[in-house]
Amino acid sequence: MFPSRRYVPNFALLPILLVALIVAATAMWFSEQDPADSPPRVDTRDARIDVLDGPGQRKRVQLDLRLFVPERTPAPAVVLAHGFDGDKTELAVPARRLAARGFTVLTYSARGFGHSTGRVALNAPDYEVTDARRILDWLARQPEVTTQGQDDPLVGVGGVSYGGALSMLLAGNDDRVDAIAPLTTYNDLRTAMLPNDASTEPISTTTAARGGDADRGVFRRAWARSLFRMATRPQVERNTSSKPDTSSTAPPPPEEPPDTGDQSLTCGNLTIRVCRAYTELARTGQAGQETLDLLEAASPSSVTSNIDIPTLLVQRQRGTLFGLEQADANARQINEAGGTVRMLWLEGGDREELPASVWGKVADWFSHYLHDSDSPRPPAPDIGFEYQLVDRLASERSPPTTWRADGYPGLEAGEVARFELPLRGSPTSVINPPGNGADTTSSSGNTAAGERAVGTVEAPRSPRLSRQGTSSAQVAVFETAQVERATRITGLPRTRLSVASVPGQPGDSQAVLFARLLDVGPDGSRAPVGDGSSPLRVTRLPEDGTAVQVDVALPATMHTLQPGHRLELRVSTTDGAYAGPRDTAVHRVALAGGKSVSLPSVSASPVEETSVPLGALIGIAAFVVLLVVAGVLAIRFERSRRKPPTPELADLPLAVEDVSKSYPGRPDAIHDLSLRVETGQVVGLLGPNGAGKTSLLRMVLGMTRADTGRIHLFGHLVAPSAPVLSRVGGLVESPGLLPHLTGLENLRSYWRATGRPMEQARLDEVVRIAALGSAADRKVRTYGPGMRQRVALAQAMLGLPDLLVLDEPMNALDPAHTQRMREVIREYARTGRTVLLSSHLLSEVEQTCTHVIVMREGRRVAGGTVDEITAGESLIAFHVDQPDLAARTLRCLEGIGSVRTVGEVVYAELAGHSTATAVNVLVASDISIKRVGPHRKLEDAFLELVGEDH
Amino acid sequence: MQHERDHSTERAVELATPTKRTADGSAPGYRANRTLPLNVELRRQLARGRSKLVLGCLVALPLLLIGTFALSDDEPSSAPPTDYGDLATTTGPNFAVFTLLLCTPLLLVLLVALFFGDAIAGESSWASLRYLVAIPVPRHRLLRQKGLVAGLLSCLSLLVLTGAALALGTLWYGGGGLRTPHEGVLHPPWNVLVLLAICGYLAIHLTWVASLALLFSVMTDNPLAAVGATLGVSILSQILDEIPRLDRFRILLPSHHATAWTDLLDTHVDWTDMASGTLSATAYAAVFVTAALVRFHRADITG
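Which chain is which? The protein sequence lines are L and D, in order.
Reading the first sequence from the start, the letters are residues 7 to 956 in the working numbering.
Reading the second sequence from the start, the letters are residues 220 to 522 in the working numbering.
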């Protein structure tokens, strides 16, 4: 690959080292991105325990548990409670994560789910909460769990949705719980199932996401139905399990005594009470007192006044089941009870899985608050408030940005900042169509979006309404002006409306309306702000049309209102997600109060999680340093390799000593060639094609390196880029001209590339010598070979170099130019300069050169002045039919020189004899002569030395 | 005889006496670090029809795109814009971004490969490389000057393409802010500054293509082979990048971060990918340039 390795043995070392360093550094950096260290070992074991619950603790259920045991035990315990319709396997991945962080993690199937027996009682204190307390008892007995005294495990409880509520209910009922992490859960099932976001009382504005908590809300039919469908889904495997029981102490499970009352099929796996409450709601859209009691008892709000332990609340922005207002309520109540609260609002909907980073934060939370005295306490997690913002039309790959505030406004921090956008729009009468409460409704308004948000069909990730140019009679529309600056909305927007009956039109004393906000782009495109709509039930409307003013909490959102966008408030009478009234009604909706929408905006700074790519920057900096160092070292190395000139050769234009060069697989190699060219000489390298002439000239011009031996020009060693080469002009093999330039431009461009002053080029002189004429102004691509050769010769002579190296200079030249060039070359040498040329034509060398060196197969076979070689007696060549006889005959002549026979030719040095005498002698011997002619030594030597076949 | 006729002019040639010697043996006026000045090389390259053709094509490409859009534009789509293709016809800056996005995988690679792949191999193919070496232009300097000029031409092409797309897009679709699919709008002058920043990132990222093309250019006498080989490697890298099973190894592919500049269009610029892209590109470029230097330094110049 590198034939001339010998000259640069060490230069490669540095780059190779550099490359190795670079590769290593790069590999290290990239591997840092993906830590490949294996996770710590986590063992699991399953157990089933029997517990008694229910009123009076008389009902026996068997709970299916799984314990994730970390490497080091005993360890603080974490109980993870699954969501509705899940089982103990639902949170296996986060459980492993937590176990890897050193917790003994327990997951279990709640009663009525998975392999646990019993029926779903919706986290009733007598049932699910009691079960959980028995699990704490059990945990306290396990050797893997750190305890803080008799029966008191060091334990945190986390849970998602249904399980999150359980974690709070358990913490409120059992002092042994040390920290909780309720994720995406509810505060009050009554307001979650029967929300009413209209309040005649002013809604407090201290926190960002306070919702309406008026009673007699509108039944959120769609999701209650889907929950019921999940709970009553036939689960054949549930009671026919044959899973091996690893807890040998547990007795065989006795059948749960049947619940009182009938065992309706429609109730599926729900307890009778829950089923009855659901049936009532579904049928009437209203809740009776018994139902309200049941929902209240099953709600964390019933116990939050007892929760004074650290609480990490995580809520999803598009939580159509449990919105930000539920987390807001939890935070307020627990904060009031003395618990430390941290709030995270995440982008995304309920149905999406929680990102791993959330579980990381849960682990951080428990690491700090479930502290085991043996190890140093990890730092407290940043207490504060975080929310994520993502523009609603973001593509899949664009991650949300996380923003962090010092604390949740209204609790630790001051009140949330709000700003008002004036709304305009005239009072509008809206009609509730007959049969609105029916399941299927195709009316316009909010229906489509509402259904989509809660339906079992997966909603598109980025819902965006099509252009809604017109509003129907069911919708009242109010809008703001376009905003000029980007406006961040975090929490629940608020407005004030007045609602009135319309005298003479049907309608009772209450109105059910649905309000929502839309973000209207400059092009008229609309996107919802917050998911779903806020149901409003306004009661006690006077018959005479007097308006009732209500505060309205609009759907929660984390949204950036871009400049040029405006908000649109739509108040509609229908929403498929809710059970609206069936009777026809007409109501008048108008703006009230400040006629504006109040937008909460929590000031926060973005959490730059990945803002400074340190690894990459360090890598880049390392590179720059490495490259600079390498560059400096390389230059120094280059300088140190320069050899001082050899003074004794300083007057010698060219000295070649024992040079060898071979190309793999090619014949034109050079073997131990030595020659000297002195000032004023015109030296011809004579040899057949492939004798190595061009190879030698390439080395002389520094284009290639010799394998062995040395070449000196004017005493300076020749290597590629040696400065002494600037005293040499050359033409090797073929002209190298730029086809898109004229001949003259080529010459100028070439001279400019030397960087030497233009006046040194002697351009005019050279052009005249080479006789370029007017053709010099044509593009080179139009030239014939002869013209190209002349331009190339001119290029070689530019600057009148001290040594001119020409390879086959007369190639392609016509006889006139050949003759002219011969004279130019001889003249050139006469001025004290030197010319080295190569040719395969004897006559060429003979007519042009003063000296000649004959080469054959890479070796010098003869050398000397042309005169020397042609001097002395001439040979006469006799072409005859009987050469042997002719030779003998000639030798008979007295005083004749040498006579030799080559083939049919007899060469004889006739000495004093004339050619005629010799011919006469031959003719007298009956030898027929074909041709007689002079023969010179050079040609003879050439032919003999290089062989006739060449 | 012709000889006789030419004789008069021949005699008129006045040849000077040889020049005196200098310390390093060089001819007077010769300085290694003055050889092949940038402006000379730039003129040599710009005089070529090819350079003009390339620049012309870059102006024509946005025109072609506009024409294609005009032909296929039956009605304004009511669907929400989800990518830069949907947004391309909204404003001039959006059109420019779309054009760049379209050109990133292939055309820009081709452009850079063309200029750098031709740098040495082009001279080889004209047989003029050996004469440059015999001047002598020191080899590392020759490679550097050639690389710099190729880089200048590449940057010029990138700017011409962006500028043409911006100008023609503005002419056709109107000026204004740069809209992103995330509903963000970058207002003047940020829209133009962001375009410049995109060009900057592309210029940095494409160094890996440039250096690879330079390496191939040093290794072969045929400029087309150098361009083709570079393009081949780039396409191979892009194909491998499509294989999800390669997972984390894909970030080691040189083309992996080619479109990281789209991060610049966010309101909060995430620099991670771009920094990785810069590091990856400079790492590859360092390796390839070093290899090219070593190779060229040791090579026998026969072309």
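Certain hints may be false.
[As the list claims (entries may be wrong)] Pair ranges (Cβ atoms, derived):
1) L/R784 x D/G451: 33 to 41 Å
2) D/A279 x L/G366: 21 to 29 Å
3) L/L620 x D/I454: 28 to 36 Å
4) L/D529 x D/A289: 33 to 41 Å
5) L/G792 x D/G451: 27 to 35 Å
6) L/R410 x D/L272: 31 to 39 Å
7) L/S611 x D/A416: 18 to 26 Å
8) L/P791 x D/G394: 55 to 63 Å
9) L/S611 x D/V278: 18 to 26 Å
10) D/G451 x L/E77: 36 to 44 Å
It is worth saying that the hints were derived from the structure and are not from the lab.
Fair warning: this is a prediction, and the values are worked out from it, not measured in the lab.
The beta-carbon is built from N, C-alpha and C at its ideal position, and this holds for glycine as well.
Against the structure, the hints:
{"no.": "1", "hint": "L/R784 x D/G451: 33 to 41 Å", "result": "holds, 38 Å"}
{"no.": "2", "hint": "D/A279 x L/G366: 21 to 29 Å", "result": "violated, 53 Å"}
{"no.": "3", "hint": "L/L620 x D/I454: 28 to 36 Å", "result": "holds, 33 Å"}
{"no.": "4", "hint": "L/D529 x D/A289: 33 to 41 Å", "result": "violated, 20 Å"}
{"no.": "5", "hint": "L/G792 x D/G451: 27 to 35 Å", "result": "violated, 41 Å"}
{"no.": "6", "hint": "L/R410 x D/L272: 31 to 39 Å", "result": "violated, 55 Å"}
{"no.": "7", "hint": "L/S611 x D/A416: 18 to 26 Å", "result": "holds, 24 Å"}
{"no.": "8", "hint": "L/P791 x D/G394: 55 to 63 Å", "result": "holds, 57 Å"}
{"no.": "9", "hint": "L/S611 x D/V278: 18 to 26 Å", "result": "violated, 45 Å"}
{"no.": "10", "hint": "D/G451 x L/E77: 36 to 44 Å", "result": "violated, 50 Å"}
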